[in-house]
Structures are given as C-alpha cells and as structure tokens.
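Kindly produce the complete structure, drawing on both the sequences and the hints.
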Amino acid sequence: MVIKSYLAHAVKGKKQELLEALNKLNQCQVTSAENEDIIVLVTDTSDDNEDEILKEKIESILSLKMLSLVSGFNTSTLK
Amino acid sequence: MYKSISGRRDFIRKMAMLSAMTAAATMFPGILFAKEQEDGIPKDANLDWKKGPCRFCGVGCGILVGTENGKAVAVKGDPNSSVNRGLLCVKGYHQIMCIQSKDRLQHALVKKNGRYVKTPMHEALDIVANKMKGTIKEHGKDAVAMFTSGQSTIPEGYIASKLMKGAIGTNNLDCNARLCMASAVTGFLTTFGADEPMGCYEDIDHADYFITWGNNMAEMHPVLFSRMLEQKSRRGAKIIDFATRTTRSSTASDKSILFEPQTDLAVANAICYEIIKNGWVNKSFVKKHCNFSKGLTNMGYGLEDNYKFKDIPEKINFDEYKEFLKDYSPEKVSKYSKVSVKDIKYLAAIYGNPNTKVVSYWCMGMNQHTRGTWMNNLVYNIHLLTGKISQPGNGPFSLTGQPSACGTAREVGTFTHKLPHGVVMNKKDREMAAKIWKVPYDRIPAKPTYHATEMFRAVDRGEIKFIWTQATNPMVSLPKTGRYRPAMQKESCFVVVSDVFPTPTSDVADVILPAAWHIEKSGMYGNSERRTQHWDKMVEAPGEATEDAWMFIEVARRMGYGDLFPYCKENHVEEIYNEYRKFHAGKKHNMAPLEVLKKQSGAIWPYVNGKSTQWRFNAKYDPACTNGESFHFYGKKDGKAVIWQRPFEEAPEKPDQEYPFWLNTGRVIEHWHTGSMTRRIPVLHQAVPNAYVEFHPDDAKKLGVRNGEKIKVTSRRGSCTLPASINERGLPTKGQVFVPFFDENMLINDVTLDAFCPISKEPDYKKCAVKVEKA
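If you read the protein sequences in the order shown, they are chains A and B. Counted the way this note's numbering counts, the first sequence spans residues 405 to 483. Counted the way this note's numbering counts, the second sequence spans residues 34 to 808.
Any given hint might turn out to be false.
[What the hints assert, rightly or not] Computed list of lysine-lysine pairs in DSS-like fashion (alpha-carbon distance at most 25 Å, straight line):
#1 B/K523 <-> B/K164
#2 A/K428 <-> A/K459
#3 B/K265 <-> B/K390
#4 B/K615 <-> B/K632
#5 A/K416 <-> B/K271
#6 B/K83 <-> B/K570
#7 B/K265 <-> A/K469
#8 B/K265 <-> A/K419
#9 B/K265 <-> A/K416
#10 B/K632 <-> B/K460
#11 A/K418 <-> B/K265
#12 B/K632 <-> B/K316
I should point out that these hints are in silico values taken from the structure, not numbers from a laboratory.
Listed below in structure tokens is the structure:
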C-alpha cells in the first residue's frame with residue numbers, strides 16, 4: 405500500500421478548479437490553504453502500479469501548475 | 034491539530050498530510066489550513082474558545098484555544114489579533130500537542146541515594162525552602178541563586194525578583210534572556226536611555242525596504258516574515274537579507290548579501306561613511322536630536338572567570354566621528370568583509386534615500402555577538418543619521434526569541450542589575466522598589482552580582498551553593514556546556530529545577546518541581562513590540578503540576594516572608610499584576626489595566642489615556658514627548674539620542690590551521706530553542722528528528738563528505754557528532770559550518786565558546802573555530 409503527500413500548486417486563478425478535480429479522484433484526500441494557492445494532497449493506493457496510474461491522472465489536470473512530492477510511505481504490512 | 038487517530042493507516046495518512054503542511058509552512062510562512070483545523074475538531078464538539086498569546090517565540094501571535102470537557106483540543110490563529118491577523122506558524126498551530134506528552138512531569142521528584150523519589154508537592158517545597166534558608170544561614174545570601182526565563186510570565190518574573198531582591202536581599206537573579214537579547218537591551222540603553230523598540234509591527238505595512246541583519250525571519254519569525262512577503266507582493270516592498278548563511282529568508286528576499294562573520298561591524302560603519310560622504314545625513318534631525326560619543330575599545334571577550342568591564346563614554350563631535358569613519362570606506366571594508374563595494378553602496382543608498390522608508394530587523398545574529406552592544410549601536414547610528422526612526426515604516430527593530438523576553442526579562446527585570454523599574458545601582462529605583470515591596474530600603478543590594486555565564490561559573494567555582502532554575506534548559510542552551518554540566522553535578526551546589534518536561538537540566542537536579550504549562554495557568558506575556566497580552570487559565574494542569582509564581586510564593590512563606598507575599602491562590606495573577614503596574618505608572622511606561630487586557634488581544638505600552646503608543650519618541654504619537662519638538666528621546670537627560678563611534682574588532686577565536694572552519698549555530702522552523710516542547714510534538718519531531726551539520730558543497734566535496742555521513746565537529750572545548758547536510762535547508766558560506774542547537778542528543782553547545790559582549794554579557798553562539806572529520 406502506498407501513501408504519499410504532495411504540495412499541489414494551482415495555475416493562477418484556478419485553485420478552486422483544481423480542488424474540484426482532485427476531489428473527484430477516489431484515492432485523493434485534499435486540504436486547501438486558506439491564504440495561498442497551495443493544496444495539500446494525500447494519495448492512498450494499493451500498490452505502485454495503482455499509484456503510478458493515479459499520478460498520471462493528477463498530472464493531466466489542466467489547472468495543476470506543479471506537483472511537489474513531500475513524503476511517501478510504501479509498506480505491505482499496512483492494515 | 035491534535036486529535037487521536039485510530040488505525041495505523043489513518044495515522045500514516047495523517048502524518049503524510051502533516052508533513053506536507055510542515056513543508057508548506059516553511060515555504061510560505063503563515064500559511065493557514067482552515068479545513069485541517071476544522072477536521073481536527075470533534076464533529077459533535079461544543080468548543081469553548083479562549084484567547085491568549087502563543088507559547089513560542091517573541092512575535093506574540095494571538096491564538097484561540099478550543100477546550101472541551103476540560104481538555105484543550107484545538108488551536109487556531111486569533112483573527113482579532115493585530116499581530117498575526119489569524120495566521121500561525123507550524124509550531125504555533127501544533128503547540129498544545131506537547132502537553133499530552135507521556136513523560137510530562139506531574140509530581141515532584143526528590144533525589145535520594147542517587148534515585149529520584151516521587152514526593153508530595155508540599156514536602157518538596159519544604160525541602161526547597163529549608164535548603165535555601167539553611168544555605169543562606171551557613172554561607173550568606175549570595176550563596177543562593179535563581180535562573181529564570183523569558184518564558185516565565187510577567188507575574189512569575191515579578192515574584193522571582195521580589196523574592197530574591199526584596200525578601201532575601203541578593204541580586205543573584207538572572208535569566209536565559211541574557212543569552213538571547215541582552216545586547217539589544219544595552220544597545221537601546223546606551224543609545225536612547227530607554228529599552229525596547231520605538232516602533233511596532235505596523236511598520237511592516239508602511240516600509241518600502243526591510244533590511245534583515247543576520248536574521249532568518251522566514252524560519253524564526255515566520256508570521257512577521259509572511260506579513261513582509263504580503264507587502265512585497267502587494268506594494269512592491271523589498272526585502273534585503275544581509276547574513277553569513279543563505280537561508281530560506283535569503284531565497285525569499287529580493288537580494289541576499291553575504292558577509293564574513295564579525296565584519297557586520299565594519300559594514301555598518303561603511304554605510305555610515307557613505308551616508309555622510311554623499312550628503313544623505315538628515316542634518317536638522319541630527320542637530321536637534323543627536324549627540325556623538327565614543328567608548329572604550331579592546332575590551333576583551335569575558336573568557337576569563339570574574340571578568341569585569343565598565344565602559345567610559347566620552348563625548349565627541351561630528352567631525353571627529355567623520356574622521357573615525359575614514360577607516361571604513363566601502364573599498365577598505367570590502368577587502369575583509371567579502372561584501373562587494375557595490376553592495377555596500379547599495380545598502381547605504383537605500384538608507385540614504387530620503388524618499389524611502391526603511392525598517393531594519395535583527396535578532397540573534399546581532400545580539401549573540403562579542404560586540405553585540407556595538408552592533409546594535411551601529412544600526413541605530415544609520416537610522417539616526419538619516420532621521421529614519423520612530424515613524425510608521427521607519428525604524429530599527431530588534432526581534433526577540435522568547436514569548437516574554439520583553440515583558441518579563443526586560444520590563445519586570447529578571448536580570449542581576451535590574452529592578453521592575455530601573456536598576457539596582459540607582460538609589461531612587463531601589464527606594465521605589467523598597468516602598469512598593471514594603472521592605473527596608475537597605476535590603477536591596479546596590480551592586481549587580483552574576484550574569485548568566487558568570488552565574489554558572491560561580492556554581493563551578495563552588496561560590497553558589499543553591500540554584501533554582503525555572504522554564505529554562507541551560508544544560509542545553511549555555512555555551513560551553515562541557516564545563517557547566519559537570520559544575521551543576523557537583524555536590525557543592527543544590528540544584529532545583531522547575532519545568533513541564535524532563536530535560537538535561539532536570540537530569541542534574543536534586544529536586545524537580547512539576548510546572549504548569551502556559552494554558553494551565555493565567556498570566557501575561559510581553560512581545561517584541563511592547564505588547565502585553567493576558568490569558569486566563571484554560572485547562573487544569575495534570576497531577577501536582579503548579580504555576581511557577583505559586584511555587585515561589587509557597588517557598589517564600591516557608592522561609593518566613595509570608596507578610597510580603599499576601600496573595601491568594603485563586604487571584605494571585607491579578608493581585609501581582611496590579612502591584613507590578615505601580616512601578617511603571619506615568620506616560621513613559623504605563624501598563625494597560627488588566628480589564629483592558631482581558632477584553633482585547635493585548636495593548637502596547639506606554640498605554641496612556643486609554644490608548645497604546647505605537648511609535649515612541651515621536652510627539653505625534655507619544656504623549657511622553659515634552660520638549661516641544663517633533664521628536665524627544667526622553668530616555669536621556671538631555672532628550673537626545675547618541676550616535677556611537679564603535680570600531681570593528683576581530684572575533685576572539687577565528688579559524689586557523691588546526692581549526693579551519695567557523696561554527697555558526699541557530700534554529701530551524703520546526704523546533705523551538707532546546708526542543709523540550711517541539712520534540713514532543715510528533716509532526717514537528719518527525720519533520721526534523723535530529724540536528725545536523727550543514728556544509729558548503731565545495732567544502733563537502735573537498736573533504737569527500739556525503740549527505741547523512743556522520744561528522745565529528747570539534748573545537749578546543751569539546752566535540753559533537755552529527756550527520757552531514759549538503760544543499761538541504763541552509764547554505765553556509767565556504768569555510769563555515771552551521772548546526773542547529775535544538776537536539777539534546779547532539780549537544781553542539783559542548784563545542785561553542787563562552788565569550789560574551791563585555792557590555793551586555795550576552796554570549797556569542799555564532800562564531801568559534803572548529804575542525805570537522807568523518808566520525
């Protein structure tokens with residue numbers, strides 16, 4: 405199981421759009437900063453393959469300017 | 034936000050999110066995640082929100098603490114606080130998590146036969162009082178000492194002072210603020226005759242330029258830095274970072290200028306040289322409001338025990354000052370400061386332009402300096418020569434590192450030479466204290482005794498036989514701890530430590546007293562902008578943990594001073610504050626009444642006619658100005674500020690063949706000072722679990738050092754082994770290494786030097802010589 409956290413930077417003026425797009429993805433948990441164009445994104449997938457597919461989906465969102473990985477946890481012992 | 038998390042997967046998800054938030058907070062100081070705060074609050078919560086100041090740094094952000102069923106469950110920034118306007122940094126946001134720590138001190142512990150024995154509080158206080166009394170009887174009142182804190186509340190500091198100076202009659206009281214802002218105090222006093230900044234945080238909204246002198250505000254004062262960034266983005270205000278290391282502040286600034294350690298003295302003089310040379314002096318301001326003086330030079334560095342120094346000021350004139358500055362042309366200074374002539378002229382032109390408003394900020398870089406008082410004087414010189422002072426957006430501003438370094442250490446006066454009003458050396462000040470305290474006038478000694486470093490040297494020499502520390506961790510924070518730790522372990526001195534958590538300092542105690550934390554008691558703090566903030570007790574302390582002020586009162590009563598401490602437990606904070614206010618009555622320092630502090634998020638002193646004074650010494654804002662001019666520096670008898678002739682002098686220890694690197698120490702955003710609180714907050718601890726040694730990549734390459742490799746840092750005092758950090762958080766200049774000091778398992782202060790500024794007695798933690806090798 406793979407849990408990662410990112411800082412998602414929105415294209416100027418499109419933070420809400422990005423938030424909505426990320427919220428539509430089941431494996432994503434998002435928290436938006438109140439005073440900056442930054443969204444904290446936590447992804448939770450079952451394996452590396454699923455994680456890779458999800459990342460591709462996220463990176464294809466047009467309102468996303470930049471995605472910075474902050475932390476990653478990958479362990480098969482997670483219950 | 035603190036919330037119990039069930040399930041390991043949930044926990045990891047939460048940690049992942051908090052890691053990202055921590056990263057965001059370091060990149061965007063003051064970033065606010067409102068949803069996360071709301072998520073942290075139980076869904077069916079019926080929270081009671083109570084206001085107070087943050088527990089950590091000297092910025093003094095307003096917080097709202099949500100309590101439910103007697104427990105603190107949430108923290109958010111106070112939108113009504115003009116300091117932070119609802120923002121908090123990553124430490125402030127998570128602060129209440131530390132009080133849930135499992136190793137919290139809840140009961141008194143008394144060392145018996147080498148082991149700590151849980152002891153009822155009243156018995157432990159009996160032991161402390163008897164030991165203190167017995168020591169005084171056997172060895173005299175100057176054999177007992179107290180070392181307090183800029184984290185003590187105003188009432189706690191006041192009672193400590195009253196007990197030591199008024200009741201016992203010794204000046205053996207000093208505090209950890211000596212280690213962080215004593216040079217700012219002596220700087221203010223020598224230049225203006227009155228301590229603390231003349232301006233306030235609202236300067237940020239008006240300044241065109243912010244010049245930070247050796248100050249990593251993005252990590253140390255992140256909320257203020259975020260306010261500066263906001264002005265940068267909104268109005269085009271510029272931030273110039275002048276430092277010895279490239280930090281997150283440097284990268285967020287418009288310009289970063291690096292200098293060779295200690296040469297800030299020369300660069301400041303070079304700026305004054307340029308201001309005069311180019312005719313940028315505000316002549317009418319200088320003529321009306323300034324004098325010129327010089328003091329003694331080659332003062333030494335306080336490295337020897339019992340070192341004494343007293344400056345002898347001598348008046349000079351403008352021409353003599355101008356002549357002195359000839360040694361500090363940009364061309365001459367550039368050669369040893371490693372600051373280009375162009376950059377020195379650039380800085381001078383910013384200050385010299387009559388159409389720009391400039392605020393200078395500094396903290397430990399200028400204060401923890403063997404010529405710290407001089408450095409403070411020199412920055413004041415720049416502002417005085419140009420008349421850029423005491424006006425919205427124009428002024429020098431020393432920041433503080435502790436929440437009440439100003440309110441308690443400086444204003445109450447928990448230094449050996451201080452009284453709540455004035456100094457022990459002044460007869461009138463002693464008379465005032467004796468009258469308010471209701472003690473015989475001659476009980477308060479007229480001579481200061483030990484400043485912090487000398488106090489622990491006196492413990493080592495066996496002169497101090499009883500010491501009581503509160504809310505401070507000197508066994509991690511003193512310089513050259515390799516000398517002072519064994520000193521505190523000597524049988525010749527009985528050590529009492531009051532604290533919330535076990536620390537390396539409580540490890541050397543004979544009695545450990547469990548203290549109530551911040552929101553478990555009522556109190557007041559005073560922040561960097563002269564703002565006094567009150568809070569009411571929000572939750573009960575665990576076990577027998579007690580307010581420090583009440584412990585002092587109980588011990589005072591047991592020692593036979595009960596008549597001087599007639600306060601009741603339920604209302605002692607209010608009673609003490611009302612007594613303390615008497616010391617500051619008058620237009621120059623009046624403190625706001627308690628009922629005002631209870632209603633609003635603090636008030637700035639002097640509080641006169643129901644109003645805070647935001648800019649002192651400016652007749653437009655300050656009712657204490659009486660000279661009929663626009664400005665009145667009333668701290669000095671003649672109403673004029675002093676422009677000081679202060680030269681560049683070398684550091685006491687410089688890199689050489691054997692010890693070829695400068696060692697600079699400091700802090701990181703995630704941890705506060707010695708880490709006793711923040712290392713107990715899981716998200717902060719996990720973000721930076723240990724200290725490290727930063728290298729310049731060229732030095733690392735030359736030494737073949739890789740990231741994470743264990744490195745032994747050694748000075749003439751001791752050594753410390755830490756993992757290497759290259760191109761990570763900060764970037765020291767070539768020939769310099771940097772180590773944060775928060776980690777009690779990697780004690781870098783075993784390596785540092787206990788040299789100090791001869792005037793302020795504040796140690797220099799920023800410069801000593803070390804060698805580095807693979808461990």
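Now for the hints, and whether the structure bears them out:
Note on B/K523 and B/K164: the hinted pairing holds, with a Cα-Cα distance of about 16 Å set against a maximum of 25 Å. A distance of roughly 14 Å separates the Cα atoms of A/K428 and A/K459; the hinted pair therefore holds under the 25 Å criterion. Pair hint B/K265 plus B/K390 holds up; C-alpha atoms about 14 Å apart against a cutoff of 25 Å. For the proposed pair B/K615 and B/K632, the alpha carbon gap of about 21 Å is at most 25 Å, so the pair holds.
Of the pairs offered as hints, the one joining A/K416 and B/K271 holds, with about 23 Å between alpha carbons and a cut-off of 25 Å not exceeded. Under the criterion of a C-alpha separation no larger than 25 Å, the hint pairing B/K83 with B/K570 is consistent with the structure, at around 9 Å. A C-alpha spacing of about 22 Å is found between B/K265 and A/K469, which places the hinted pair at or below 25 Å, so the restraint holds. For the suggested pair B/K265 and A/K419, the alpha carbons sit about 22 Å apart, so the restraint of at most 25 Å is met.
A C-alpha spacing of about 18 Å is found between B/K265 and A/K416, which places the hinted pair at or below 25 Å, so the restraint holds. As the CA atoms of B/K632 and B/K460 are separated by approximately 37 Å, the hinted pair breaks the 25 Å bound. Note on A/K418 and B/K265: the hinted pairing holds, with a Cα-Cα distance of about 22 Å set against a maximum of 25 Å. Taking the CA atoms of B/K632 and B/K316, the gap is near 44 Å; set against the 25 Å cutoff, the hint is violated.
Consistency note: the structure conflicts with the earlier hints numbered 10 and 12.
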